[in-house]
Amino acid sequence: AQKVTQAQTEISVVEKEDVTLDCVYETRDTTYYLFWYKQPPSGELVFLIRRNSFDEQNEISGRYSWNFQKSTSSFNFTITASQVVDSAVYFCALSEASDYKLSFGAGTTVTVRA
Amino acid sequence: GAGVSQSPSNKVTEKGKDVELRCDPISGHTALYWYRQSLGQGLEFLIYFQGNSAPDKSGLPSDRFSAERTGGSVSTLTIQRTQQEDSAVYLCASSSDESGRWETQYFGPGTRLLVL
Numbered sequence: 134a135q136k137v138t139q140a141q142t143e144i145s146v147v148e149k150e151d152v153t154l155d156c157v158y159e160t161r162d163t164t165y166y167l168f169w170y171k172q173p174p175s176g177e178l179v180f181l182i183r184r185n186s187f188d189e190q191n192e193i194s195g196r197y198s199w200n201f202q203k204s205t206s207s208f209n210f211t212i213t214a215s216q217v218v219d220s221a222v223y224f225c226a227l228s229e230a231s232d233y234k235l236s237f238g239a240g241t242t243v244t245v246r247a
Numbered sequence: 032g033a034g035v036s037q038s039p040s041n042k043v044t045e046k047g048k049d050v051e052l053r054c055d056p057i058s059g060h061t062a063l064y065w066y067r068q069s070l071g072q073g074l075e076f077l078i079y080f081q082g083n084s085a086p087d088k089s090g091l092p093s094d095r096f097s098a099e100r101t102g103g104s105v106s107t108l109t110i111q112r113t114q115q116e117d118s119a120v121y122l123c124a125s126s127s128d129e130s131g132r133w134e135t136q137y138f139g140p141g142t143r144l145l146v147l
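Chain order of the listed sequences is C and V. Read in order, the letters of the first sequence correspond to residues 134 to 247 in our numbering. Read in order, the letters of the second sequence correspond to residues 32 to 147 in our numbering.
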């Protein structure tokens, strides 16, 4: 069963628009971590954020913000005032207490047009 | 500091040949992971190392795949008798894992393998 679902395959926006990426996860563990990674055209996965299951506080880092809601098993990611450099594939991932590995969603391709 | 490095960046091989992919983790990181990224399957876990031992090999797709880690540092992923379905990007990650699980995994640039 898919543990992490990113329903949006591709999103295209014009520069300065906001874009929100959805992530829904599934786990029976009460302790787990959620992650977002960015994969630019160069191919390297770049870590953006880690959030544990006991901390539902939203987080903001510059133009990036994350909304974690355990009630809906969602960990959504918003880019505010998008820029061309934000164009990349974004992956949501889950790490469970019973496992060492990351389970990734399928990824969302974001294209920001000038 | 230096990040995770992988070599080669690209590898083209003929079906049936063996290939070796190398990963140098971040200095001091005790945990090392291999993943595979392909168009049809997305990002898949292959194997996890803690030090030189591999407590989780559950993701290796067949017995043609093996990996080792020496000196708690460099790791080599070997694919024997390569098949066209092995074509993918092979990603290595490392984490400090000092407190157990769920430490952030930092990824290398990957090795793009093409089997002709």
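It is worth saying that the hints were derived from the structure and are not from the lab. Hints are supplied without guarantee of correctness; some may be wrong.
[Stated by the list, open to error] Lysine to aspartate or glutamate pairs mimicking EDC-like chemistry, simulated, CA-CA at most 20 angstroms apart:
1. V:Lys42 with C:Glu159
2. C:Lys136 with V:Asp87
3. C:Lys171 with V:Asp87
4. V:Lys88 with V:Glu45
5. C:Lys203 with C:Glu159
[Said to hold, decoys possible] Far from chain V, some chain C residues (derived; all Cβ distances over 10 angstroms):
6. Thr163
7. Ser175
8. Ser220
Ideal placement from N, C-alpha and C gives every residue a C-beta, glycine not left out.
Given pair status - V:Asp87, C:Lys171, alpha carbons within 20 angstroms: violated, 26 angstroms
Pair hint C:Lys136 and V:Asp87, alpha-carbon separation not exceeding 20 angstroms: holds, 19 angstroms
Restraint check for C:Lys203 with C:Glu159, where alpha carbons must lie at most 20 angstroms apart: holds, 10 angstroms
Non-interface label on C:Ser220, tested against every C-beta of chain V at 10 angstroms: Holds, since 18 angstroms exceeds 10 angstroms.
Hint consistency between V:Lys42 and C:Glu159 [alpha-carbon to alpha-carbon, up to 20 angstroms]: violated, 36 angstroms
C:Ser175 and chain V, when compared Cβ to Cβ, separated by more than 10 angstroms: violated, 7 angstroms
Given hint V:Glu45 paired with V:Lys88 - CA-CA distance at most 20 angstroms: violated, 26 angstroms
Interface-negative label, C:Thr163 against chain V, beta-carbon threshold 10 angstroms: Holds, since 13 angstroms exceeds 10 angstroms.
This entry does not satisfy hints 1, 3, 4, 7, going by the numbered hints stated previously.
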